[in-house]
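Peer 1: Sequential numbering from 0 applies to the sequence shown in numbering that gives the first Met the number 0.
Source of the hints: derived by calculation from the structure; they are not laboratory data. These figures come from a predicted structure and were not determined experimentally. Glycine included, C-beta positions come from ideal geometry on N, C-alpha and C. Take the hints with a grain of salt, since some may be wrong.
In silico EDC-like links for lysine to aspartate or glutamate, alpha-carbon gap of 20 Å or less [claimed, not checked]:
1. 172 <-> 98
2. 172 <-> 228
3. 172 <-> 162
4. 172 <-> 108
5. 172 <-> 110
Computed Cβ-Cβ distance ranges for the label pairs, DEER-style [as the list claims (entries may be wrong)]:
6. 125 <-> 210: 23 to 29 Å
7. 82 <-> 197: 22 to 28 Å
8. 114 <-> 92: 34 to 40 Å
9. 64 <-> 129: 43 to 49 Å
10. 81 <-> 216: 30 to 36 Å
11. 193 <-> 97: 27 to 33 Å
12. 244 <-> 82: 33 to 39 Å
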Amino acid sequence: MNDLTSPVTMITDACHGDAAKAPDAPMTLALFDLDDTLLNGDITGLWSQWLIDLGWIEDGDAYRAAFAEHMAAYAAGTLDMEAHLALLLTPLAGRSEADVRQQVDAFLEAEVVPRLFPQGHERLAWHRDQGHRVVIISASPIHVVGPLAERLGADQALATALELDSRRRYTGKAEGIRTFQGGKLEALREWLAEHTPVESFGYSDSRNDLPLLEFVDRPFAINPDPTLDATARERGWPVQWWRQVD
Numbered sequence: 000m001n002d003l004t005s006p007v008t009m010i011t012d013a014c015h016g017d018a019a020k021a022p023d024a025p026m027t028l029a030l031f032d033l034d035d036t037l038l039n040g041d042i043t044g045l046w047s048q049w050l051i052d053l054g055w056i057e058d059g060d061a062y063r064a065a066f067a068e069h070m071a072a073y074a075a076g077t078l079d080m081e082a083h084l085a086l087l088l089t090p091l092a093g094r095s096e097a098d099v100r101q102q103v104d105a106f107l108e109a110e111v112v113p114r115l116f117p118q119g120h121e122r123l124a125w126h127r128d129q130g131h132r133v134v135i136i137s138a139s140p141i142h143v144v145g146p147l148a149e150r151l152g153a154d155q156a157l158a159t160a161l162e163l164d165s166r167r168r169y170t171g172k173a174e175g176i177r178t179f180q181g182g183k184l185e186a187l188r189e190w191l192a193e194h195t196p197v198e199s200f201g202y203s204d205s206r207n208d209l210p211l212l213e214f215v216d217r218p219f220a221i222n223p224d225p226t227l228d229a230t231a232r233e234r235g236w237p238v239q240w241w242r243q244v245d
């Protein structure tokens with residue numbers, strides 16, 4: 000298994016499933032994007048508002064305006080991921096891993112869990128019941144993706160790792176593979192060097208995940224953006240619309 004603090008990408012053993020599933024045993028793999036796929040919204044946008052309310056971001060209006068510009072670029076497939084990570088991670092600089100995790104846990108309970116699509120829960124449960132390996136793979140940073148993957152009962156989370164100093168304080172910088180666009184596939188291939196899938200499923204809403212969806216055996220477009228919707232219909236991929244229940 001890759002080390003949990005791999006410099007290539009962060010892998011969280013959310014369910015400690017490795018004892019039952021040897022790393023080199025054949026498996027069926029289920030890959031889930033997070034934002035607008037399992038979650039009604041963007042986890043980093045929700046987290047940023049949490050930090051504004053907490054006082055870790057002083058100029059909330061300026062931050063929200065910058066974040067909105069980044070999301071427009073993301074939707075267009077032109078996001079500068081380094082600039083985006085700098086925006087997301089600057090509020091963490093100098094803060095301890097323990098303090099951040101405490102806030103993440105409170106944030107997930109209050110703001111994220113209520114926004115998860117029930118259809119996503121059902122699909123995750125189906126894969127687990129089949130004995131499939133469930134992996135959350137997200138462009139969002141590992142400090143929020145990993146703990147949520149634990150709550151979802153996933154086996155692993157693949158997400159952009161964050162740099163910590165010798166005192167376990169965040170530096171405000173990312174490290175390793177940026178799990179965005181082709182970087183998701185790069186991180187997955189790194190992980191697959193020690194795993195052998197016999198079949199793979201992939202779920203995403205975004206044009207930015209086309210490299211990943213083209214790689215898996217059974218791609219699903221979930222709440223797809225217009226570009227992914229058109230591509231999925233052209234190629235005959237299943238298109239599903241997951242919604243929250245009022």
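Peer 1: For this structure, which hints from the list above don't hold up?
Peer 2: Violated hints (numbers, rising): 2, 4, 5, 7 and 8; every other hint is consistent with the structure.
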